[in-house]
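Colleague: We have chain A already, so just place chains B and C on it with the hints.
Protein chains in written order, with the numbering used here: chain A, 1 to 388; chain B, 1001 to 1319; chain C, 2001 to 2284.
Keep in mind the hints are simulated off the structure, nothing from the lab.
Keep in mind that a hint or two might mislead.
Dumping the calculated SDA-like pairs for lysine to any residue here, alpha-carbon to alpha-carbon at most 25 Å [to be verified]:
(1) C:K2107 <-> B:N1030
(2) C:K2111 <-> A:E53
(3) A:K302 <-> A:P238
(4) C:K2111 <-> B:E1025
(5) C:K2111 <-> B:V1043
(6) C:K2107 <-> A:I18
Pair ranges (Cβ atoms, derived) [said to hold, decoys possible]:
(7) B:Q1226 <-> C:L2069: 53 to 61 Å
(8) C:L2196 <-> B:Q1091: 48 to 56 Å
(9) B:I1046 <-> C:L2196: 20 to 28 Å
The structure displayed is predicted, hence computed values, not measured ones.
Backbone N, C-alpha and C define an ideal beta-carbon position, used for all residues, glycine too.
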Amino acid sequence: MAEVKLVHLIKDFGKVQILKGIDLTIPDGEFVVLLGPSGCGKTTTLRLIAGLEEVTEGEIFIGDRKVNNLPPKQRDIAMVFQSYALYPHMTVYDNMAFGLKLRRVQREEIDQKVKATAEMMELTPYLKRKPRELSGGQRQRVAVGRAIVRNPQVFLMDEPLSNLDAKLRVQMRVELSKLHQKLKVTTIYVTHDQMEAMTLGNLIVIMNQGIIQQMGTPGKVYDYPANKFVAGFIGSPPMNFFPAFIDGEEEPFFQMASFRLPVPAQHREVMRGYAGKEVAFGIRPEDITVDQTDSEGRIPVKAKVEVLEMLGAEIFLYLSSPEEAFVADSASEKATSDRYLKLRANPAHSFIARVDPKSPAKEGDIVEVRFNLEKSHAFDGESEEAIY
Amino acid sequence: MSVTTQPAAACAAPRKKPASVRFREHMRRNRLAYILLLPAILVIAIVVIYPFFYAFNLAFTNTNMYNINSPDKTPQYNAGANFTEIFSDPQFYVILGRTVLWTVINVVCHVSLGMGLAILLNRNLKIRALYRTLLVLPWAIPQVIVAMMWRNEFNTQYGSVNLILQSIGLPAVSWLTNPFWAFVAVCIVNIWLGIPFMMIIILGGLQSISPEYYEAAQLDGATAWQQFRRITIPFLKPVLTPAIVLGTVWTFNNLNIIYLITQGGPNNGTQILVTYVYRAAFDYYRYGYSAAFSVIIFLILLVFCLFYIRATRGAGEVT
Amino acid sequence: MAGFFSRARGDSPFKRILIHLLLIFACLVAIYPVLRVLTVSLRPGGSVFSMDLSMIPADATLENYTQILFQSDFWNWLKNSLIVSLSTALVSLILAAPAGYAFSRFKFVGKQPGLVFLLVTQLFPATMLLLPLYIMLIKLSLINTFLGLVFCYMSISLPFSIWILKGYFDTIPIDLEEAAWIDGSTPMGAFFRVILPLSTPALSITALFSFMTAWSEYIIARIVLQNQGLFTWPLGTVTLQGAYYTNWGPFSAAALLISIPVVVLFMATSRYLVSGLTLGAVKG
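Same shape as in the complex, but just chain A:
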């Protein structure tokens, strides 16, 4: 077990820069998930740690050792591949024993370790089979078993669950979680599935375009996204964004295309600095309520239900705020400003609300929605960094 440290890691493939300076310290024993859309550099980061690609610039430490120039076999790591990469010509037993044999471990010790691991992974009945005689889930277990049997300092997992069907994936997710609690080995797990990331990781590292966007616990990245990309990437359905600008001197408010919302009291101070500037107002679907009697004095906004998705435990409402429904307070002299005209150019805005299944809303209805502004977010219009 060891800490993994990446210092300003850069990777070029020809003229394309895949990683643009990654600084990351993964504490000993943590389960860290690298999360991001495809092409964001997460798999490249993993392969650099494994030693399967050569570092262009920067340093990689595993424990106290700088491993930049060590071949994979000397890094004391194990990896689970997306394709599992089980050796097709070897039995399950031999697949798991291969790494130990190469390290010249005593035969009895190999036998004992492989059998213990097989027991743990519930593979004992299959030890004599070849990979092609196993189901997808069983192959996945062998791949994990092959990694843990060697008791490495670090586990690297490259989307290991993406080839399983949905039900098995959830089951394996739980098992991987348990396994980590038992073994406490530093694990770096790559995925593009944010559900997987949220449920598995102690820490989530969100990457995009070769740069780390944010690192934190699942709760932190969900509640306090560092920027608009993270806010939009984490959460399903994703956070709703409304283009807006800030108006009002003493009591600033968000001026959207067709309605306005006050800035929550605790954020007024910072938002005054954005007066007249473009921002993005963000709100998660679960922080929008529909057709409730006015609790806590929230401002109602009219919206049309375009599509209703019934999911059993909840309903997703796909809403739009039509132009003609409410041109609130358009007499204001601000209406003539360029920015307002820009917002008005595309006034219809669609957003999603996640509501109680007992909600009486029907497709085509005009409903009143209310935003829980305490849970709202604001992002700088240019840098897209979170303001609050």
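Modeller: Chains B and C in isolation, oriented as in the chain A frame:
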């Protein structure tokens, strides 16, 4: 945590490293490749690359069996005299023409008959495997045996070809003594021999076409010919193109059949370029001349392949 | 006619009969000459020249077979052919497998030209390399040796084997080697312990085709081997037939005896050769 730009990273475009550093890195990464290649490259250098250049060198000399190892007469460079001789010999053009004719006849028959059989076989027939096995037989038999076997069957008096012709009331043909009929005979043998290869290639191609395309075309009211033209041929193209190139090259260079059946005779009537040069080299011992001739044959094929590849690429192939 | 060119499901009975008739005719054309060899091989010595067209001659005898098996150099030819063909197959494989792997997995100076060159060797007319090789063999005193003949065969089988094996290695996912590196093997170790064992089918097919190329080869053997004691079976059988006096009976018996094992092997493996050829060619 920065977002879209990180100044240090943004300007960190790939730097050029000094050549010596890049060479060392390349060698470290790919040393194994050179180790793995070395034995094969050594042997290829001896059995292919050296002889290849040697042939070019030889082509410009007057080497023959009598001066190659003789102490008083050594081979001399003759300033392209071999090429002048070949190109000023009318027989060269006759043989070249015959070689092209031979190649075209054979390849056209191989592809069309092979495709016909493949289409017949490409359906649910209970004994398809049996048909396939029997039809592949001509390809499986060693070519020496094929040639000798057919030479016997073309025997004017006792060969089964003439016996069958006579039994259906046709006159016997003097197959191997008349230049025209000898050429027909070797063509028949080579067509017989080459159909299975094309048939198997095309059958493989046909089986990879999903029946849904035909079903969709039938729903659209396409005729059998339209389906063949619009679905079968385009889908076969990726396998057919290399198969035709290979088939053409193999036929153009096919020495076995003609040499073993007629040795290019009678009266050079079945001579193609390779048989002619083989005899010049090993029956008449004209080494320099034969080397020049070989080089010419090679260049003809090279030009053909370059044109063919360009032509098929130009046709807008879907890859 | 609809669906005539496609995989027909509901062919009419008339059409089915027509298809079978065409196929049966084609099969007859394909096997008739071979059956004739069988017929001729069963004829007694006196009636080799016969105008009879029946399949099994009335006076069938195994006389030709006993003559071939006990009174000719048949066994010697067979032994010579085995030595030459096995050496060719083995050496080609040992050299081609690592080279094919290098072509499949690594970037090295001259990789692309090298691949093109391997293809270009297919364009050489037989004499292009044979003539220089022949002169080299004379100078090295390797004429009339198996080593010399194997040398010549390598010039055909080695480029071909590299090409085929490269195509096969291309189909193996690189994940497997990466897994082996992480498991603790060197790149060389991954090749020997993972890739080679995994490729046994492709390796055996490649070796088999090198073997069969050498096994049936006549044109080159005729040049390199002039000593009758060293003759491989194609040379032997052709002398058996004789240039003018046509010794049909024993020739036919020998031809059949030698062809049967090759034909069986070929039938079992032709599928793989075709896929190897097209795979390589399509990619090139």
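Colleague: Against this structure, judge whether each hint is valid.
Modeller: Verification of the supplied hints:
no.: 1; hint: C:K2107 <-> B:N1030; result: 7 Å, holds
no.: 2; hint: C:K2111 <-> A:E53; result: 21 Å, holds
no.: 3; hint: A:K302 <-> A:P238; result: 21 Å, holds
no.: 4; hint: C:K2111 <-> B:E1025; result: 18 Å, holds
no.: 5; hint: C:K2111 <-> B:V1043; result: 17 Å, holds
no.: 6; hint: C:K2107 <-> A:I18; result: 21 Å, holds
no.: 7; hint: B:Q1226 <-> C:L2069: 53 to 61 Å; result: 59 Å, holds
no.: 8; hint: C:L2196 <-> B:Q1091: 48 to 56 Å; result: 52 Å, holds
no.: 9; hint: B:I1046 <-> C:L2196: 20 to 28 Å; result: 25 Å, holds
Violated hints are absent here; each numbered hint is respected by the structure.
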